[in-house]
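These protein sequence lines map, in sequence, to chains A and B.
In terms of my numbering, the first sequence opens at residue 7 and continues consecutively.
In terms of my numbering, the second sequence opens at residue 29 and continues consecutively.
Hints listed in this document are in silico derivations from the structure and should not be mistaken for laboratory results.
Please note that the accuracy of each hint is not assured.
What the hints assert, rightly or not - Listed next, the in silico DSS-like pairs over lysine-lysine satisfying Cα-Cα at most 30 Å (straight line):
| id | chain 1 | residue 1 | chain 2 | residue 2 |
| --- | --- | --- | --- | --- |
| 1 | A | K100 | B | K42 |
| 2 | A | K151 | B | K59 |
| 3 | B | K115 | B | K59 |
To be verified - Not close to chain A: a few residues of chain B, all C-beta gaps over 12 Å, as computed:
| id | residue |
| --- | --- |
| 4 | Q35 |
| 5 | A89 |
| 6 | G108 |
| 7 | S220 |
| 8 | A226 |
| 9 | V290 |
| 10 | A333 |
| 11 | G401 |
| 12 | P437 |
| 13 | T438 |
| 14 | C446 |
| 15 | F476 |
| 16 | V503 |
No experiment lies behind these values; they were computed from the predicted model shown.
The beta carbon of each residue, even a glycine, is placed where N, CA and C say it ideally should be.
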Amino acid sequence: MASVGKSAAVVSTRLIIGLEVHVELSTRSKMFSRAPNAGHPDNFDAPPNSLVDPLVLALPGTLPVMNRRAVELSAMVGLALGCSIARYSKWDRKNYFYPDLPKGYQISQYDLPLCGKGEYLLDMSDGSQRRIGITRAHLEEDTGKLGHELPGGHEYSGSLVDLNRAGTPLLEIVTEPDFACAEDVVAFAQELRDICRFLGATEGIMQKGHMRFEPNINLAISLDDGTEVRTPIVEVKNLNSFRAVKGAIEFEAKRQLEEWQKSGRAMGRGMKSTRGWDDVRLATVLQREKEDAHDYRYFPDPDLVPVVVDDAWIAARRAELVEGPSARRRRYGVEFGLSSSDVRQLLDDPALAKFFDLCVAEVHSVPARAMAVAKLLLNAGAKRANELGTSVTHLGIAPAQVVGLLALRESGTIGSQAVDPLFALLCASDGDAMRVAQDAGLLQVRDDSQLDGWVDAAIAANEAAANDVRAGKLAAIGRIVGAAMRSSGGKADAKALHARIVERLGEGGA
Amino acid sequence: MVALAAQVRRGAIKSRQMVESCLARISAHDKSLHCFNQVFADEARAEADAIDRRIARGEEAGVLAGIPIAIKDNLATRLGRTTCSSKFLAEYRSPFDATVIERIIAAGAIVIGKTNLDEFAMGSSTENSAFGPTLNPWDPERVPGGSSGGSAAAVAAGMCIAALGSDTGGSIRQPAAFCGCVGFKPSYGRVSRFGLVAFGSSLDQVGPLTRTLRDAALLTHVIAGADHRDSTCVNQPSDILPSSATLGELTAAQLPSSNRRVRIGIPRQYRAGNSPAVDAALARAVEALTECGCELVEVDLPMTAQGISTYYVIAPAEACANLARFDGVRYGRRASLGATDSLFDLYAKSRSEGFGPEVQRRIMLGTYALSSGYYDAFYKRALQVRRLIKQEYDAAFARCDALLGPTTPTSAFLLGGCTDPLAMYMCDVYTVNTNIAGICALSLPAGFQKLGDRTLPIGLQLQSQAFADRDLLGVVGSIVERAISPAFALASCI
Numbered sequence: 007m008a009s010v011g012k013s014a015a016v017v018s019t020r021l022i023i024g025l026e027v028h029v030e031l032s033t034r035s036k037m038f039s040r041a042p043n044a045g046h047p048d049n050f051d052a053p054p055n056s057l058v059d060p061l062v063l064a065l066p067g068t069l070p071v072m073n074r075r076a077v078e079l080s081a082m083v084g085l086a087l088g089c090s091i092a093r094y095s096k097w098d099r100k101n102y103f104y105p106d107l108p109k110g111y112q113i114s115q116y117d118l119p120l121c122g123k124g125e126y127l128l129d130m131s132d133g134s135q136r137r138i139g140i141t142r143a144h145l146e147e148d149t150g151k152l153g154h155e156l157p158g159g160h161e162y163s164g165s166l167v168d169l170n171r172a173g174t175p176l177l178e179i180v181t182e183p184d185f186a187c188a189e190d191v192v193a194f195a196q197e198l199r200d201i202c203r204f205l206g207a208t209e210g211i212m213q214k215g216h217m218r219f220e221p222n223i224n225l226a227i228s229l230d231d232g233t234e235v236r237t238p239i240v241e242v243k244n245l246n247s248f249r250a251v252k253g254a255i256e257f258e259a260k261r262q263l264e265e266w267q268k269s270g271r272a273m274g275r276g277m278k279s280t281r282g283w284d285d286v287r288l289a290t291v292l293q294r295e296k297e298d299a300h301d302y303r304y305f306p307d308p309d310l311v312p313v314v315v316d317d318a319w320i321a322a323r324r325a326e327l328v329e330g331p332s333a334r335r336r337r338y339g340v341e342f343g344l345s346s347s348d349v350r351q352l353l354d355d356p357a358l359a360k361f362f363d364l365c366v367a368e369v370h371s372v373p374a375r376a377m378a379v380a381k382l383l384l385n386a387g388a389k390r391a392n393e394l395g396t397s398v399t400h401l402g403i404a405p406a407q408v409v410g411l412l413a414l415r416e417s418g419t420i421g422s423q424a425v426d427p428l429f430a431l432l433c434a435s436d437g438d439a440m441r442v443a444q445d446a447g448l449l450q451v452r453d454d455s456q457l458d459g460w461v462d463a464a465i466a467a468n469e470a471a472a473n474d475v476r477a478g479k480l481a482a483i484g485r486i487v488g489a490a491m492r493s494s495g496g497k498a499d500a501k502a503l504h505a506r507i508v509e510r511l512g513e514g515g516a
Numbered sequence: 029m030v031a032l033a034a035q036v037r038r039g040a041i042k043s044r045q046m047v048e049s050c051l052a053r054i055s056a057h058d059k060s061l062h063c064f065n066q067v068f069a070d071e072a073r074a075e076a077d078a079i080d081r082r083i084a085r086g087e088e089a090g091v092l093a094g095i096p097i098a099i100k101d102n103l104a105t106r107l108g109r110t111t112c113s114s115k116f117l118a119e120y121r122s123p124f125d126a127t128v129i130e131r132i133i134a135a136g137a138i139v140i141g142k143t144n145l146d147e148f149a150m151g152s153s154t155e156n157s158a159f160g161p162t163l164n165p166w167d168p169e170r171v172p173g174g175s176s177g178g179s180a181a182a183v184a185a186g187m188c189i190a191a192l193g194s195d196t197g198g199s200i201r202q203p204a205a206f207c208g209c210v211g212f213k214p215s216y217g218r219v220s221r222f223g224l225v226a227f228g229s230s231l232d233q234v235g236p237l238t239r240t241l242r243d244a245a246l247l248t249h250v251i252a253g254a255d256h257r258d259s260t261c262v263n264q265p266s267d268i269l270p271s272s273a274t275l276g277e278l279t280a281a282q283l284p285s286s287n288r289r290v291r292i293g294i295p296r297q298y299r300a301g302n303s304p305a306v307d308a309a310l311a312r313a314v315e316a317l318t319e320c321g322c323e324l325v326e327v328d329l330p331m332t333a334q335g336i337s338t339y340y341v342i343a344p345a346e347a348c349a350n351l352a353r354f355d356g357v358r359y360g361r362r363a364s365l366g367a368t369d370s371l372f373d374l375y376a377k378s379r380s381e382g383f384g385p386e387v388q389r390r391i392m393l394g395t396y397a398l399s400s401g402y403y404d405a406f407y408k409r410a411l412q413v414r415r416l417i418k419q420e421y422d423a424a425f426a427r428c429d430a431l432l433g434p435t436t437p438t439s440a441f442l443l444g445g446c447t448d449p450l451a452m453y454m455c456d457v458y459t460v461n462t463n464i465a466g467i468c469a470l471s472l473p474a475g476f477q478k479l480g481d482r483t484l485p486i487g488l489q490l491q492s493q494a495f496a497d498r499d500l501l502g503v504v505g506s507i508v509e510r511a512i513s514p515a516f517a518l519a520s521c522i
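Using the sequences and the hints, build the whole thing.
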């Protein structure tokens, strides 16, 4: 066997990657109980073992009851990925003992998943599209967590169980082995995160493990004798950052080639092994040699009834779908002309993107105005949100107010200095932008006598600068404009001041 | 019970009197019979007094006002412990009440105690209790049946007015037959399983053990009906009793209408292998029913014999998963471990110490049946046979209202008299198919067998189709009860 790897020379290698993704749904309650769900933002800071009830603890006599919303959200993600939705799916028990699995079995979907085959067209950076086949997507419950640290980071000699995550709805999406490089996997993973977040299926916070990726990786090695061999498949478990996904795949590409050159072992039945990712050493580490060591003894869960849905139900889920990230990316980037970093910022915050869309609707999607709205939200908005430690969508400003502010600025009714303060005022007011600006005295002053007063005072107070201007050193005019603006309290129209000062001092004249 | 509850509501008798009389029977006989794992004497007295006061104030008191009811110890109660007669749960306290417990309490019932059972309801004699067997009040050398043996014996011995049991393969009907009570297994999905410690989830149902058919109907009426905490508990109308009937009129309302001829099927497979006394009781019943105008139909149920083997694949398969939660991690028995013991040892030792031999046997049976490579030969095949058994029943019920046969092939056997597990499993030959098919069935007292100086009750079983519970407990059952059930005072047995 070993000689196979050495007798012929390697011409080229090609990566073959399939992806499994676990998505924690953000429903209010858990998959099969009314206990609060760890994946919901209200519960992010819950102390250990506080998101439990008798069912989560698997007390005797408790029964699971399906969370309908989790099924609906999963079907929506399935539809967004082009999957068929099963009219009939069911729940199965996956049996194994582990302290983070209170019932001694996990409720999952074995042979009849909610979402069947599908495909997704992934936009590539070169403008092309790549077809990613979806094998299936099924719903299950997450397990708890084992730890060896007390809250506060103190070491503990035994094992500690936290069941907050136990029973969180978990959507497992499995793709076909349609990826040929780490970049494509990461692009799909990011796209999937955006899809799920826009559908409101998950909060998608990577650090919290809301999305966990498990690539299945092997290499097709072309040899100079015209043959091709494939290395044994490796599944890398529990990657929860895009960086780790990329790192693990690239590491495996090298490792598997080297391994094959050493051992000559090719893909075969029962050869699939499981590895983990070491974030410090930046290497994958062997976890389990053979995949079929476990017999999970799946059988249908008699406590739950099958999920039977009809066309009307599926149509209702389809109607709940919102515009996906790829369409949004095109609309924002190509149609509105936003920079790719602005597009990314909007896609990273689905609530902000949806708010942006409401504002855009108010300006009838005129590209230039849409772009101005984006700038306003990503600058004045982000600044204000930052000051208050919140997000733009929680500031309290309404789309009509945003657009009102924009209109005031476009018409020169307010000056650029008035944008931030007016934005802040609108966040705390229901009034329209014009009225709020007026009440706060933020409108630009164009009244001649007032302007003349400020200009006169500024010239009088800056005689040297005035003389410079008179002498033709026009750069000095800025100081006088600045002084006049200061005495106006920022309300003067800067252009009008400038024109008036030039007129008064003449160009080298008077 | 119906009459007693009515009298309590009228103030003619006090709930406290009933409770005292049950407690007196318990203190006189339960040391020897061991029907109860726990008796809630103080709590029951306090509850009875509270009900009596409410009635004295003229307040509504519920259809089970002041009735002392015993609860099988695999039903979760906030009161006391919920042990399942297992060492594993010997000290376990439930933070919630089972739905059926909530419902009987809301109807005014008084929980008088938790009754003994075969550990986790696995058995047919109550000998598999970790706390010692229950004895049959008719003959203390004999078993009361099982697994609801404590509940059946308590009803027979007058230690309660009625009891709740659970039935996975005959666990209500077989002890009812052995102890001379009425036992009813509702159709699957009629009664919520929330709070019933699961054995075979697709087979388990909670049901009543009572002195009369009317009592069984009333108690079923109270506990039945959809429950949002049990997805398999379907939304059928919850009223078992005719809704127009007030409780005082129950007898009249359940009288068969004169123009309705009830058809009773007698499966020929139910006549093989019974003891002569059981055959004789069946023959007497057939005669009596013919006399009172029922149409008797010969029925063929060739799948009868397949029931036990089908049951002993499905029930243990479900049980091995249901009992996986008893792992020593969160509650219940936890073995003390040595320094070198692993996580595996925690599981293995806690479960070996906590579970008795029959429970371990069934866990292993079920694990084997579900194992990769055996699943198709056992579990999948059992599900196929299950479908055939259902179809066979459907065909039979097209020809008759109910099927009549023995509840058990023999009357109660001697303690320790049945040591072969397979022989023990065969006690359930007439009862398991009811659960496999999810239909309803009733065991009624049908006479006695004289054995030396002892008298042993014999029970006959009436099965009817799924969700025909109301007719089985009503029209059909009452005709059969009047025709076959001997007049005798329960609690005359001890």
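B:G108 clear of chain A by more than 12 Å, beta carbon to beta carbon?
-> Correct as stated: the minimum Cβ-Cβ distance to chain A is 14 Å, above 12 Å.
Take a quick look at B:A226 and tell me if its Cβ sits farther than 12 Å from every Cβ on chain A, holds or violated.
-> violated (7 Å)
With 12 Å as the threshold, tell me whether B:P437 passes as away from chain A on beta-carbon distances.
-> holds (29 Å)
Least C-beta distance between B:A333 and chain A, which was stated to exceed 12 Å = holds (24 Å)
Would the pair A:K100 and B:K42 pass a check requiring their Cα atoms to be no farther apart than 30 Å?
-> violated (53 Å)
When you look at the beta carbon of B:T438, is every beta carbon of chain A farther off than 12 Å?
-> holds (31 Å)
Straight-line Cα separation of B:K115 and B:K59 no greater than 30 Å?
-> holds (20 Å)
Taking the closest pair, is the beta carbon of B:F476 still more than 12 Å from chain A?
-> holds (37 Å)
Verify that the Cβ of B:Q35 lies farther than 12 Å from every Cβ atom of chain A, and report whether the claim holds or is violated.
-> holds (34 Å)
B:A89: least C-beta distance to chain A exceeds 12 Å?
-> holds (28 Å)
Would you check the hint for A:K151 and B:K59, treating anything up to 30 Å between C-alpha atoms as holding?
-> Violated: A:K151 and B:K59 sit about 47 Å apart, past 30 Å.
Given as non-interface: B:V290, partner chain A, CB spacing beyond 12 Å = holds (34 Å)
Checked against the numbered hints given earlier, the structure breaks hints 1, 2, 7, 8 and 11 and satisfies all the rest.
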